[in-house]
Every structure is written in C-alpha cells, then in structure tokens.
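Whole structure, please, built from the sequences with the hints as guidance.
For the sequence shown, UniProt numbering assigns the number 1 to the initial residue and increments by one for each residue that follows.
No wet-lab data here; the hints were simulated from the structure.
Please note: incorrect hints may appear among the correct ones.
SDA-like mimics (lysine to any residue), calculated; alpha carbons at most 20 Å apart, straight line [claimed, not checked]:
1. Lys227 / Leu164
2. Lys227 / Gly172
3. Lys227 / Ile185
4. Lys198 / Gly146
5. Lys199 / Ile148
6. Lys227 / Val162
7. Lys199 / Val151
8. Lys227 / Val178
9. Lys193 / Leu175
10. Lys199 / Ile185
11. Lys11 / Ser41
12. Lys193 / Gly172
13. Lys193 / Gly182
14. Lys193 / Ser143
15. Lys199 / Thr215
16. Lys11 / Leu55
17. Lys227 / Gly182
18. Lys198 / Ile144
19. Lys199 / Leu164
20. Lys199 / Gly146
21. Lys227 / Ala147
22. Lys198 / Trp145
23. Lys198 / Ile152
24. Lys199 / Thr186
25. Lys11 / Leu71
26. Lys11 / Ala33
27. Lys193 / Val178
28. Lys11 / Asn22
29. Lys198 / Ala147
30. Lys11 / Gly31
31. Lys11 / Asn36
32. Lys227 / Pro169
33. Lys11 / Glu61
34. Lys198 / Glu138
35. Lys199 / Asn232
36. Lys193 / Leu176
37. Lys198 / Thr215
38. Lys193 / Ala147
Only a predicted model underlies this, so the values are computations on that prediction, with no experimental measurement involved.
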Amino acid sequence: AHPLGLQNPTKPQNTRLLLTDNTASVTAEYGAAGVNEAYLSLYGERGDDDTLQSLLAFNGEVREQQLDWYLLGRGYRAYNPGLMRFHSPDSLAQEEVGVNPYLYALGDPVNWRDPTGHRSSPVPSRDPKPPYQDPLPEPEKPSIWGAILPVIAGVVGLMVGVVLTAILPPAGALLLGVVALGMGITATALAAKEEDPKKAMMWNSIGGFFLGAATPLIFSGGGGTYKQWKANRPSAPGSKLPNP
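Printed below as a string of structure tokens:
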C-alpha cells in the first residue's frame, strides 16, 4: 500500500502529505512549510541533505534515521542501503536463498523488493518475468498439390459428366447437373473457411470434381430439354405449318 500522509492529533499544523512513486517509496512530503524532496538511490540510500521528517522511505518501509537502515520483516533483518546488502544471512535453506544469502531483492531493486527479509516479490506495475509464451507457429507454405489436385478433380468430373450426358435423358442430365453444381459450390465455400491446408485442399478437390461434372450435364441436358420442349410444343390455332 502507498502511504498517503502523516498527522499528529496534538499538532495539526504538522500534517504532511506524502508523495510516492510506483514502488511506494516516499520521494517528497508537502506540509505548511512547503515541499521537501528526497533523492533515493536504486538501493534506497538517501542523501545527507535530506530534510524529510517522515520515517517512511524506500519502498514504503520504515527507515531508522540515525543509521539509515531498514529493519525488514518487523525487525527480522537489518538492510543497509549503503552496502546494498543485509547485515545477516537469510535463514531459509540455501536452495531457496540462492548463492548469496546477504543479497537484497535478487540484486535487482528496480524490479524487485524484499519487504519480509525472506522472499523477494515483484514491484507493483512491473512484470520482470512475464510468463513464457510459445512462439507463433509459422504458416505452412502452400503445397503444389493444393493447386494441382482441384484441377485434376475438375477434369475427372468433366469426363464423368460427359459420360453421364450420353447415358441419361436430357431432363435427368439437367437435374443431376444442377445438383452437382450446388454440391460443388458448397464444397468450395467450405474450403474457403477451412484453416487446415490439407482439409481445404480436400474440399477444393471435391468442389472441382462436382463443378467439372456439372458443366456438361447442365449445358447438354439443358439444350436437349429445350429441343424436346420445342419439338413437342403444340402449334398455334389455325396454323397448318409445323413448329419451326
């Protein structure tokens, strides 16, 4: 938490507002006499010309004015900002403490702090060790088969359509061609929405086959159906001439 101010009920004129940074370090105080500023080193050492009256200082911790030390962890360990070290080693196990049991904030007071004297914690609003994120997979290069297979499928479908045109009556060929056209359009639309290149190639091939088959079926079946309708159309009343 960031300290906001100091107030003495018996001396209300000594009320002071505290100015802090993102680490809760007190950098200035404002009172009746004006603004008093403090300059802190990275490890929390303050200059000799410091005129702040507040006991709260580096990282919002209480400062021992005479020695300029910080008794962290409610007095558990004395931290000396001039030495940038603790005066006593950490009591935790070596594998938890690290190589240097006297080190403060992992040797990185910009991104870490040590309020308990045991474990360092990240400075608020900073993220020195962001969680690992897997790199984005590289998009697969388009395969040559992705362009060739739909064409081959279209040619095969065209040949099948020609064979069916010779077998089916014109009306049946036209109906089958319309169905094949719808299936080809549907498969092509599915290929456009598919993110997997292999599945997209499959749908494109299916669409190419049905579109290829639909072409001769529709044109031949439609033409034959029109000719049959024209030949069977009744003549106009009063006309003795056959339908042209």
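Tested hints:
Distance hint between Lys227 and Leu164 is fulfilled; the C-alpha atoms sit about 19 Å from each other, no more than 20 Å. A C-alpha spacing of about 14 Å is found between Lys227 and Gly172, which places the hinted pair at or below 20 Å, so the restraint holds. A C-alpha spacing of about 28 Å is found between Lys227 and Ile185, which places the hinted pair above 20 Å, so the restraint is violated. Proximity of Lys198 to Gly146 is assessed by CA-CA distance (about 8 Å); at most 20 Å being required, the pair is judged to hold.
Between the alpha carbons of Lys199 and Ile148 the distance comes to roughly 15 Å, so the proposed pair stays at or under 20 Å and holds. Using a Cα cut-off of 20 Å, the hinted pair Lys227 and Val162 holds, with the two alpha carbons roughly 19 Å apart. Simply put, Lys199 and Val151 have alpha-carbon atoms about 16 Å apart, close enough for the 20 Å limit, and the pair holds. Under the criterion of a C-alpha separation no larger than 20 Å, the hint pairing Lys227 with Val178 is consistent with the structure, at around 18 Å.
A distance of roughly 28 Å separates the Cα atoms of Lys193 and Leu175; the hinted pair therefore is violated under the 20 Å criterion. For a cut-off of 20 Å, the pair hint linking Lys199 to Ile185 stands: about 16 Å separates their Cα positions. A C-alpha spacing of about 32 Å is found between Lys11 and Ser41, which places the hinted pair above 20 Å, so the restraint is violated. With a CA separation close to 32 Å, the supplied pair Lys193 and Gly172 exceeds the 20 Å bound.
Restraint check for Lys193 and Gly182: satisfied, since their Cα atoms lie roughly 17 Å apart, inside the 20 Å limit. Restraint check for Lys193 and Ser143: the C-alpha separation of about 18 Å stays at or below 20 Å, so the hint holds. Simply put, Lys199 and Thr215 have alpha-carbon atoms about 25 Å apart, too far for the 20 Å limit, and the pair is violated. Among the hinted pairs, Lys11 with Leu55 is consistent with the structure: their alpha-carbon atoms are about 17 Å apart, no more than 20 Å.
A threshold of 20 Å between alpha carbons decides the hint, and for Lys227 with Gly182 the separation of about 25 Å lies outside it, so the pair is violated. The suggested pairing of Lys198 with Ile144 holds, with an alpha-carbon distance near 12 Å, which does not exceed 20 Å. Restraint check for Lys199 and Leu164: not satisfied, since their Cα atoms lie roughly 28 Å apart, outside the 20 Å limit. Distance check on the hinted pair: Lys199 and Gly146 sit about 10 Å apart at the alpha-carbon level, within 20 Å; holds.
Annotation: proposed proximity of Lys227 to Ala147 is violated, straight-line Cα distance about 38 Å (limit 20 Å). Among the hinted pairs, Lys198 with Trp145 is consistent with the structure: their alpha-carbon atoms are about 10 Å apart, no more than 20 Å. Of the pairs offered as hints, the one joining Lys198 and Ile152 holds, with about 16 Å between alpha carbons and a cut-off of 20 Å not exceeded. A threshold of 20 Å between alpha carbons decides the hint, and for Lys199 with Thr186 the separation of about 14 Å falls inside it, so the pair holds.
For a cut-off of 20 Å, the pair hint linking Lys11 to Leu71 is broken: about 28 Å separates their Cα positions. Only pairs whose Cα atoms come within 20 Å are accepted, and Lys11 paired with Ala33 is accepted, the gap being roughly 14 Å. Restraint check: the Cα-Cα separation between Lys193 and Val178 comes to about 23 Å, which exceeds 20 Å; the hinted pair is violated. Distance restraint check for Lys11 and Asn22: the Cα-Cα separation of roughly 30 Å exceeds the 20 Å cut-off, and the hinted pair is therefore not satisfied.
Restraint check for Lys198 and Ala147: satisfied, since their Cα atoms lie roughly 12 Å apart, inside the 20 Å limit. Between Lys11 and Gly31 the CA atoms are separated by roughly 12 Å; this keeps the pair inside 20 Å, and the hint holds. Pair hint Lys11 plus Asn36 holds up; C-alpha atoms about 19 Å apart against a cutoff of 20 Å. Annotation: proposed proximity of Lys227 to Pro169 holds, straight-line Cα distance about 12 Å (limit 20 Å).
Proximity of Lys11 to Glu61 is assessed by CA-CA distance (about 24 Å); at most 20 Å being required, the pair is judged violated. A C-alpha spacing of about 16 Å is found between Lys198 and Glu138, which places the hinted pair at or below 20 Å, so the restraint holds. Restraint check for Lys199 and Asn232: the C-alpha separation of about 48 Å exceeds 20 Å, so the hint is violated. Restraint check: the Cα-Cα separation between Lys193 and Leu176 comes to about 26 Å, which exceeds 20 Å; the hinted pair is violated.
Our distance criterion of 20 Å between C-alpha atoms is broken by Lys198 and Thr215, whose separation comes to about 26 Å. About 17 Å separates the Cα atoms of Lys193 and Ala147, which keeps this hinted pair within 20 Å; it holds.
The structure does not agree with the numbered hints 3, 9, 11, 12, 15, 17, 19, 21, 25, 27, 28, 33, 35, 36, 37 stated previously, though it agrees with the rest.
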